[in-house]
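Protein chains: 2
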Amino acid sequence: MEYQEAKDKFISTWGSLGSLWGINKAMAQIQALLFISTKPLSMEDIMEELKISRGNTSMNLRQLMDWGIVTKEIIPGERKEYFTTEKDVQELARIVAKERSRREIKPVIKILKDVSSIKDDGTEKTKELIKQTKALHELTDTMDTMINKVVNQQQKWLTKSLLKLFK
Amino acid sequence: MEYQEAKDKFISTWGSLGSLWGINKAMAQIQALLFISTKPLSMEDIMEELKISRGNTSMNLRQLMDWGIVTKEIIPGERKEYFTTEKDVQELARIVAKERSRREIKPVIKILKDVSSIKDDGTEKTKELIKQTKALHELTDTMDTMINKVVNQQQKWLTKSLLKLFK
DNA sequence: ATTAACTTTCAATATTTTTTGAAAGTTTAA
DNA sequence: TTAAACTTTCAAAAAATATTGAAAGTTAAT
Chain G
165 MEYQEAKDKF ISTWGSLGSL WGINKAMAQI QALLFISTKP LSMEDIMEEL KISRGNTSMN
225 LRQLMDWGIV TKEIIPGERK EYFTTEKDVQ ELARIVAKER SRREIKPVIK ILKDVSSIKD
285 DGTEKTKELI KQTKALHELT DTMDTMINKV VNQQQKWLTK SLLKLFK
Chain Y
165 MEYQEAKDKF ISTWGSLGSL WGINKAMAQI QALLFISTKP LSMEDIMEEL KISRGNTSMN
225 LRQLMDWGIV TKEIIPGERK EYFTTEKDVQ ELARIVAKER SRREIKPVIK ILKDVSSIKD
285 DGTEKTKELI KQTKALHELT DTMDTMINKV VNQQQKWLTK SLLKLFK
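These protein sequence lines map, in sequence, to chains G and Y. Under our numbering, the first residue of the first sequence is numbered 165, with each subsequent residue one higher. Under our numbering, the first residue of the second sequence is numbered 165, with each subsequent residue one higher.
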């Protein structure tokens with residue numbers, strides 16, 4: 165496999181995987197492109213490489229910056245803005261986990277808590293609703309806490325140790 | 165909060181969370197409805213509760229069965245088919261993790277492996293592509309392995325509990 | 001073998017999400 | 001201050017995805 169083929173394959177695969185970590189295709193592809201680039205890229209560069217419009221590029225770069233995954237790079241003497249992404253995969257995982265937790269998981273946990281806290285009126289269906297949403301609340305909360313602990317704290321050490329434990 | 169309000173809130177929240185575990189809204193809502201139901205439900209029941217069409221219900225039930233989350237229940241003397249979902253949240257988590265790994269993560273890991281294995285032609289850009297996709301491959305593979313091992317542990321634990329029951 | 005009860009399929013339709021492109025906005029150099 | 005270089009915004013268009021409903025298919029009872 166040639167460089168260009170491998171690059172295209174990586175970008176399109178990573179793009180379609182976007183849904184797995186909660187972002188859209190263009191956003192994921194821009195990140196992928198920056199991730200394997202040896203230097204910061206301009207909006208023009210990105211538009212051309214991915215064959216997407218200026219507006220699309222601008223909006224998705226903003227979102228990536230909101231996520232904290234991409235940063236604007238000012239190159240002295242240059243008028244254009246340049247962009248880079250976080251290059252360390254562990255740090256990337258940390259950011260993604262944290263943002264997803266904040267944006268999606270935490271709000272759901274709150275609702276599960278509210279729903280599981282309704283007054284028990286003694287009926288079977290109410291008992292079931294309380295029981296099941298409580299179980300879901302506990303599971304979701306545990307998972308969320310675990311994931312954040314794993315990615316936040318001394319990641320490398322934890323990952324290695326956990327792997328050994330399970331081998 | 166009344167039972168009905170809590171129930172509706174749970175179903176719509178769980179439905180919109182579907183994207184988090186890779187299924188569509190109707191599918192997630194059907195599962196949510198079954199999850200808090202005290203008895204198996206027929207297609208008619210589901211259509212009526214969620215206000216969705218027969219076709220939609222049928223297709224999404226099939227998908228839930230493909231995932232292994234929902235099972236058909238035959239009620240003696242009844243012509244209709246009835247459906248139930250796995251009620252244990254741990255088992256549910258296990259199934260979802262396993263299916264997502266199989267459907268989405270494993271194929272990506274393979275591509276990352278292929279891409280990171282291209283021949284190093286000595287250029288800076290090729291070196292960067294190899295380095296970065298290799299890092300991503302390792303991270304993804306580690307995460308996937310961890311999840312699978314956790315799942316196996318859970319299964320072992322489950323098996324043990326079941327064995328105890330039959331002793 | 002016929003019919004009634006029920007489920008599945010799938011082309012058409014509706015909805016949601018993404019993308020475009022051009023006008024409006026901003027910044028910097030002269 | 002003007003104008004060129006660049007970025008953002010957002011209404012409209014396109015693309016992707018989900019939903020409908022009715023015809024076709026299946027099953028079970030008589």
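It should be emphasised that the hints constitute simulated quantities derived from the structure, not laboratory data. There could be a bad hint or two in this list.
Given that identical chains are not distinguished, each listed pair holds provided it fits within a single copy or across any two copies.
[Unchecked claim] PhoX-like cross-link-like pairs, simulated, lysine-lysine; straight-line CA separation at most 20 angstroms:
hint	residue 1	residue 2
1	Lys251	Lys277
2	Lys277	Lys289
3	Lys251	Lys298
4	Lys295	Lys277
5	Lys244	Lys274
6	Lys270	Lys244
7	Lys203	Lys189
8	Lys236	Lys270
9	Lys173	Lys289
10	Lys189	Lys283
11	Lys244	Lys283
12	Lys283	Lys173
13	Lys173	Lys262
14	Lys277	Lys236
15	Lys236	Lys274
16	Lys251	Lys291
17	Lys274	Lys173
Quiz item: For this structure, which hints from the list above don't hold up?
Solution: 5, 6, 7, 8, 10, 11, 13, 14, 15
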